[in-house]
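Colleague: Given next are the chains, with one letter for each unit.
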Amino acid sequence: MAIAHHPPTATGLDNVKLGFWTFIGSETLFFGSLISTYMVYKGASVAGPYPHDVLNIPLTSVSTFVLLMSSLAMVLALNAVQAGSRSGALVWLMAVVILGLGFLGFQAYEFTHFVHEGLTIKTNVFGSSFFVLTGFHGAHVSVGVLWLLTLWIQTLRGKIGKEDTLKVEIAGLYWHFVDVVWIVIFTLVYLIP
Amino acid sequence: MTSSPTQAEAHDTAEAGSHAHPTWRFYVMVGVILTVITAAEVAVFYIPALGGVLVPLLLVLSTGKFALVVMFYMHLRFDSPIFSGVFVAPLILAVFVIVALIVLFHVFPRGMGTLDGM
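Those protein sequence lines, which keep their order, are chains A and B. Here our numbering is used: the first residue of the first sequence is 3, the next is one more, and so on. Here our numbering is used: the first residue of the second sequence is 353, the next is one more, and so on.
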């Protein structure tokens, strides 16, 4: 029948996925504004502690590696769901949750260390822009961990199967976005002097 | 999962316009490359001789990592170009804003003064 060939949406694409990509686009601008703020204030503090006094590159390199590996685990979880492997999905989703929690642990340690060194959100413009930028990123990671934990519980209860690939793919898009934001933060905040 | 025939049809069509995702071996290979690039970034940071080219080198490595994740883990390399457009357009705007503000405050900082203790 001719009508069967008509696209069910105006774009011929899944509206949920298109809407989520639009959300990611808006998040890009949000983090763009926070990164702009950090870069504008970079080197503008007249009182310490300064970035080179407190930033711990080896520690942050490890946490960056942890987040990158969580992205790999996420894409393997999606691969398992697409293949209809419930056990694979459970293993990899839990791996993402654990690695995400590990990253948050590193961030909590770093924030605590900075406060002990005398750097708070009120100390200087470096402290303000650093804590706001990395704090919002950490909040996004926390939301992602809760979201993936929910998916893991649903998978455990048999409510996520091969036909629900899109649910895992959308969560994966969010998680990978959080990862690419950190790739930018790691370079601009930690590595570039 | 309960979904109406229209929703199911929409998903089928979306999938039909989509692609066959790569194998897990490919994803692991991308993960290895990401790890190597991250190690290279950290190594470059600690090599004093590269101080002159440190910033451009780090930006290139970081852009490479960003592109790998977006293209292969987020599947933009294989998905509809509409998804790429929806993401890349705000990305270009964000990069433009960042660069414009850096130029405004760090290249032409006259009259900006210091930002603490005002």
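Check the hints yourself; a few may be wrong.
So the derived label-pair ranges between C-beta atoms look like this [to be verified]:
#, chain 1, residue 1, chain 2, residue 2, range
1, B, Ala441, A, Ile59, 29 to 37 Å
2, A, Gln84, B, Ile434, 35 to 43 Å
3, B, Pro408, A, Leu158, 45 to 53 Å
4, B, Pro374, A, Val64, 26 to 34 Å
5, B, Gly437, A, Ile123, 31 to 39 Å
6, A, Asp55, B, Arg377, 39 to 47 Å
7, B, Val455, A, Gln84, 24 to 32 Å
8, B, Val405, A, Val134, 40 to 48 Å
9, B, Pro408, A, Asp55, 23 to 31 Å
10, B, Leu456, A, Gln84, 45 to 53 Å
11, B, Val455, A, Ser87, 48 to 56 Å
12, B, Thr375, A, Thr13, 24 to 32 Å
13, A, Ser28, B, Gly416, 22 to 30 Å
14, A, Trp149, B, Trp376, 18 to 26 Å
Coverage of chain B stretches by chain A, computed from C-beta distances (three or more under 8 Å per stretch; other residues unrestricted) [stated by the list, open to error]:
#, segment
15, 380–394
16, 429–436
17, 440–452
If you are wondering where the hints come from, they were derived from the structure by calculation, not from laboratory data. Fair warning: this is a prediction, and the values are worked out from it, not measured in the lab. In this text, a Cβ means the ideal position worked out from N, Cα and C, and glycines have one as well.
Colleague: Taking the hints in turn, state whether each one holds.
Modeller: Hint check results:
1. Ala441(B) <-> Ile59(A): 29 to 37 Å: Taking Cβ atoms as reference, Ala441(B) and Ile59(A) lie about 34 Å apart, which means the hint holds.
2. Gln84(A) <-> Ile434(B): 35 to 43 Å: violated, 22 Å
3. Pro408(B) <-> Leu158(A): 45 to 53 Å: holds, 48 Å
4. Pro374(B) <-> Val64(A): 26 to 34 Å: holds, 28 Å
5. Gly437(B) <-> Ile123(A): 31 to 39 Å: The hint (31 to 39 Å, Cβ to Cβ) holds, given that Gly437(B) and Ile123(A) are roughly 37 Å apart.
6. Asp55(A) <-> Arg377(B): 39 to 47 Å: About 44 Å separates the Cβ atoms of Asp55(A) and Arg377(B), which means 39 to 47 Å holds.
7. Val455(B) <-> Gln84(A): 24 to 32 Å: violated, 45 Å
8. Val405(B) <-> Val134(A): 40 to 48 Å: Because 31 Å falls outside the window, the suggested range is violated.
9. Pro408(B) <-> Asp55(A): 23 to 31 Å: holds, 26 Å
10. Leu456(B) <-> Gln84(A): 45 to 53 Å: Holds, at about 47 Å.
11. Val455(B) <-> Ser87(A): 48 to 56 Å: Since the Cβ atoms of Val455(B) and Ser87(A) sit about 50 Å apart, the hinted range of 48 to 56 Å holds.
12. Thr375(B) <-> Thr13(A): 24 to 32 Å: About 28 Å separates the Cβ atoms of Thr375(B) and Thr13(A), which means 24 to 32 Å holds.
13. Ser28(A) <-> Gly416(B): 22 to 30 Å: holds, 25 Å
14. Trp149(A) <-> Trp376(B): 18 to 26 Å: At 22 Å between Cβs, range holds.
15. 380–394: holds (count 8)
16. 429–436: holds (count 3)
17. 440–452: holds (count 8)
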